[in-house]
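Turn these sequences into a full structure, and let the hints steer you where they fit.
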Amino acid sequence: MKSLKNLNSIFALAMIASLFTFSGCDKDEDDHTDDHQHLFLKFHHHVGADELVLNQDFTSNGVKFQISRINYYLSGLKMQIDHSDVYQNYDDVYLLIDETTDEVELGEIPAGGMHGLEFAIGIEDSATNHSDPATWPSSHPLAPQSPSMHWDWNPGYIFIAIEGMVDTDSDGTVDADMEMHVGLDKNLAHHDSHHHFNVTAGTDVTLNVELDLLQVFSGIDLATQYITHSMGSGDSLAMAISANLPAAFNVE
181 MKSLKNLNSI
191 FALAMIASLF
201 TFSGCDKDED
211 DHTDDHQHLF
221 LKFHHHVGAD
231 ELVLNQDFTS
241 NGVKFQISRI
251 NYYLSGLKMQ
261 IDHSDVYQNY
271 DDVYLLIDET
281 TDEVELGEIP
291 AGGMHGLEFA
301 IGIEDSATNH
311 SDPATWPSSH
321 PLAPQSPSMH
331 WDWNPGYIFI
341 AIEGMVDTDS
351 DGTVDADMEM
361 HVGLDKNLAH
371 HDSHHHFNVT
381 AGTDVTLNVE
391 LDLLQVFSGI
401 DLATQYITHS
411 MGSGDSLAMA
421 ISANLPAAFN
431 VE
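Those letters in the sequence shown? Residues 181 to 432, per the working numbering, in order.
Honestly, the hints are just simulated from the structure, not real lab data. Honestly, I wouldn't trust all of these hints.
To be verified - Label pairs and their computed distance ranges (CB to CB):
id, residue 1, residue 2, range
1, Met411, Gly292, 37 to 47 Å
2, Pro426, Ala229, 14 to 24 Å
3, Thr404, Ser318, 36 to 46 Å
4, Asn388, Thr308, 23 to 33 Å
5, Asp237, Asp278, 17 to 27 Å
6, Thr308, Pro426, 19 to 29 Å
7, Asp305, Gly414, 23 to 33 Å
8, Asp305, Asn378, 22 to 32 Å
9, Asn334, Gly382, 41 to 51 Å
Backbone N, C-alpha and C define an ideal beta-carbon position, used for all residues, glycine too.
Okay, structure coming up:
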């Protein structure tokens with residue numbers, strides 16, 4: 181009988197120990213979840229108040245145009261924490277966005293107050309901009325692309341490519357090919373959203389990144405200014421597009 185009582189005691193102690201063990205595992209899993217939240221960017225492309233539809237007629241400053249392709253790089257992405265000099269950096273992230281891009285993950289984001297998202301439109305690091313695309317893994321955004329986002333290894337990457345057609349004679353019908361390929365270090369543009377929000381532990385965050393093509397074309401006469409390959413010190417169209425890009429983006 182004594183032996184049976186001892187066995188019962190040992191069994192009871194084992195059950196209690198197992199309960200603590202399972203409870204400890206659950207807590208570790210919960211802590212792991214609560215300590216990690218991720219930042220996603222959801223992309224939207226508009227022409228003024230209208231959503232961009234490829235090969236559809238739109239009007240900018242009285243000139244009819246169509247968009248058949250839009251590609252652009254984002255780099256140097258970082259999130260300012262509160263109003264401090266502390267940033268959550270995503271330095272190793274290069275995003276190649278096109279008209280079909282929906283949502284991409286940047287990485288982890290700390291809990292707390294965020295001041296805003298900053299990024300460059302193009303390749304922020306000059307050495308990277310002038311690197312050879314063939315040196316990057318084939319799946320990397322900086323690897324050779326089709327259609328191309330690079331002229332050759334010396335001039336560097338095309339920061340933003342906008343293609344389509346424009347109406348050059350004001351007859352209401354698009355009649356000329358539009359090719360706007362903006363690059364070169366001097367044409368790098370930066371956007372700072374100044375968007376304030378709080379990150380809750382264990383809850384992922386999605387920010388909407390909007391690009392308005394009417395803002396990109398602000399002050400540009402598309403009937404006469406519709407081709408640039410950024411290949412000249414006096415390329416006024418490339419410089420005008422670069423100057424318009426910071427205000428053309430909105431993050432919320």
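Results of checking the hints against the structure:
1. Met411 / Gly292: 37 to 47 Å: The hint (37 to 47 Å, Cβ to Cβ) holds, given that Met411 and Gly292 are roughly 45 Å apart.
2. Pro426 / Ala229: 14 to 24 Å: holds (20 Å)
3. Thr404 / Ser318: 36 to 46 Å: holds (40 Å)
4. Asn388 / Thr308: 23 to 33 Å: holds (27 Å)
5. Asp237 / Asp278: 17 to 27 Å: Taking Cβ atoms as reference, Asp237 and Asp278 lie about 21 Å apart, which means the hint holds.
6. Thr308 / Pro426: 19 to 29 Å: Once the Cβ atoms are compared, 21 Å apart, the range 19 to 29 Å for Pro426 and Thr308 holds.
7. Asp305 / Gly414: 23 to 33 Å: holds (26 Å)
8. Asp305 / Asn378: 22 to 32 Å: Once the Cβ atoms are compared, 31 Å apart, the range 22 to 32 Å for Asn378 and Asp305 holds.
9. Asn334 / Gly382: 41 to 51 Å: holds (48 Å)
When the structure is compared with the earlier hints, no violation turns up for any of them.
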